[in-house]
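Student: All chains should be modelled from the sequences, with the hints used to inform the complete structure.
Each chain, written out:
2 protein chains.
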Amino acid sequence: MKLFSLTLALCMVLSGSLCFAQADGAIEEDFKPSTLNQPGKEYPMVNSQGYARFRVEAPEAQSVSVSLGLGGRGGTTLTKNEEGVWMGTTEGPMDEGFHYYHLTIDGGVFNDPGALNFYGSTRWESGIEIPAHDQDFYALKDVLHGNVQQVLFPSKSTGTSRRAFVYTPPGYGKDQTKRYPVLYLQHGWGEDETAWSNQGHANLIMDNLIAEGKIKPFIIVMTYGMTNEVRWGHMNEFKIENFQTVLVDELIPYIDTNFSTIADQSHRAMAGLSMGGMETKTITLNKPEVFSYYALLSGGIYSPEDVKDHAKLKLIFLSCGSKERPDGVKKAVDTLKEAGFNAVSYVSEGTAHEFLTWRRSLLELAPLLFKD
Amino acid sequence: MKLFSLTLALCMVLSGSLCFAQADGAIEEDFKPSTLNQPGKEYPMVNSQGYARFRVEAPEAQSVSVSLGLGGRGGTTLTKNEEGVWMGTTEGPMDEGFHYYHLTIDGGVFNDPGALNFYGSTRWESGIEIPAHDQDFYALKDVLHGNVQQVLFPSKSTGTSRRAFVYTPPGYGKDQTKRYPVLYLQHGWGEDETAWSNQGHANLIMDNLIAEGKIKPFIIVMTYGMTNEVRWGHMNEFKIENFQTVLVDELIPYIDTNFSTIADQSHRAMAGLSMGGMETKTITLNKPEVFSYYALLSGGIYSPEDVKDHAKLKLIFLSCGSKERPDGVKKAVDTLKEAGFNAVSYVSEGTAHEFLTWRRSLLELAPLLFKD
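Here the protein sequences come in this chain order: G and L.
Using this note's numbering, read the first sequence as starting at 1 and increasing by one per residue.
Using this note's numbering, read the second sequence as starting at 1 and increasing by one per residue.
Some clues are possibly wrong.
[Said to hold, decoys possible] No more than 16 Å apart at the CA atoms, straight line, and that leaves these computed lysine to aspartate or glutamate pairs for EDC-like: (1) G/Lys156 / L/Asp142; (2) L/Lys174 / G/Asp256; (3) L/Lys174 / G/Glu324; (4) G/Lys174 / L/Asp175; (5) L/Lys41 / G/Glu229; (6) G/Lys41 / L/Glu229; (7) L/Lys371 / L/Asp264; (8) G/Lys174 / L/Asp256.
I should point out that these hints are in silico values taken from the structure, not numbers from a laboratory.
Tutor: Below, the structure is given as structure tokens:
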């Protein structure tokens, strides 16, 4: 068996106070530690406008830069002071929400020791959180919380046990007769099964929606989708069969056996972001008897001719950031509706191909699932 | 509420093949990637004798060293080749098992981008695994696996929801009438509630013991013990009350309410490593009605006079590495036995104050729990 390591990092953040950004060009000096810093670490810091400020100790280094920012070659160049401490601030504000980044120190890529780590771009990157005006929906609040569990499910097709994370709503397990629908939720290229929990805060988004009575509680299953790994820019080499087999033939049966699920098509949804959306589209169309809710988050569109028979298809949900291709998503939904599909589009204002788009998409999608 | 972030990292490793080390001084060139590397990363590498080899890209750096090794100032100095790649091998073999480490690049501390991250010494450090002759007991095997879940429990005393990880044995939850004993298992100074899962592989150790029929299955609860944080070397400033309140007044009731536990003293154990052992000793003696199995792993000893009434105390387990103070542990157990206690000592051969000592201690302890 191949040597491998799997790591789960689950992250919860407590949202701090938030001021609206000024429009007059001055940088507000209300910098605070990013909520995704390692315990006790002051830097990196973020301000209410979305600027990020970095501080790195490397007294003998000759150059230190940060991959985040709007600087000349992209990123932020830091400058060293007399104490050997490198500091710098992004040239402009970042989009609200989560961003991956790393440092380049004397030509080598390293993480920022002040920040927590998040798996993306096929490595554990540093992460930073820019305060968002609507961040309350993914905050850690004083409500009943669900659990997120690591399960190891047997996979004959890949010759090992594979990992998935399963969110169960508050109260799950107390009443043995109560059964739940299931959303299979996929990450994007270069990410892994920790993304939706760590970067996405899926569990906190669900806890809060359930506390507000806005959704029919359901289980979320998150596993690794890049079973057949491809390099960035080589998406055409991706073969869906490996992951499709793991998901449909191995994971779904495992979940239905080991969790209190309503194990039928009308209580099973699939959603994915970016490459996870591509996988969702491919698998839902290859296996039309498995899911009845399809959601692509910055992950493509469906056309009416894609779906041979949509009698049992309850919803197609397409979303993206306003800085992506919102017209494409809206037009696709209009076309689907004209053809008799139940279709919904959502555009996240002011965000691009990044995690706040997808947190907001989950917020919009969840209330639409499993209600009929 | 204070801004904070909590991150869980759960790590599973698949053990590779293992050769016994040679005794003749030559370095075996059978280096393989450490099983704790990030996906796809070749370095750091380890060989069958316990040597570790590092490779870091930082072409313009002036100095790169690794904190692990037996070099002059402790650690391993790397040297740069013509391609700007820094490499080096530890001067001697490391102890078997898990080690924390970090890089120092031009005077700044950074993690090794090839390695996964593990929380210890109050920061997310890099980690490396030296193959152990007995590593099979914590390997990922083709057996039924338990789950490890993140729970968020309300804590009035600290004004927030706090995180714990709960290992449930395979089959947990299927039979609503089946109830389980509970082990409360604490980490050491500078670590957190991820340690026993990530560094310790507690879940895999339990899965394998259960598959072999060697233990009475139980639940393990792992939470953060440094509620009142102290700096290294300032242990005398530690006040137990904060954590004692969280554990006894908040976490235990939450676990007993939300999990199928046998909620009484004779089915509740507490164990801890290092500072977690100090906490275990203090709390078990402050609250003698709560636990009936006490285990200190490289974490001190009990004397007969510590325990006023040991009628309900079923076991005291004391362990350490052979490179620590094994005579102290053995002598303490002899004294306890002479005074009529059921006491057991365990010494891990060839290890020091490090995680293989504690994985092995859990292996020895688990079969002794909850059998009477």
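Student: Any of the earlier hints contradicted here, and which numbers?
Tutor: Structure breaks hint 3 only.
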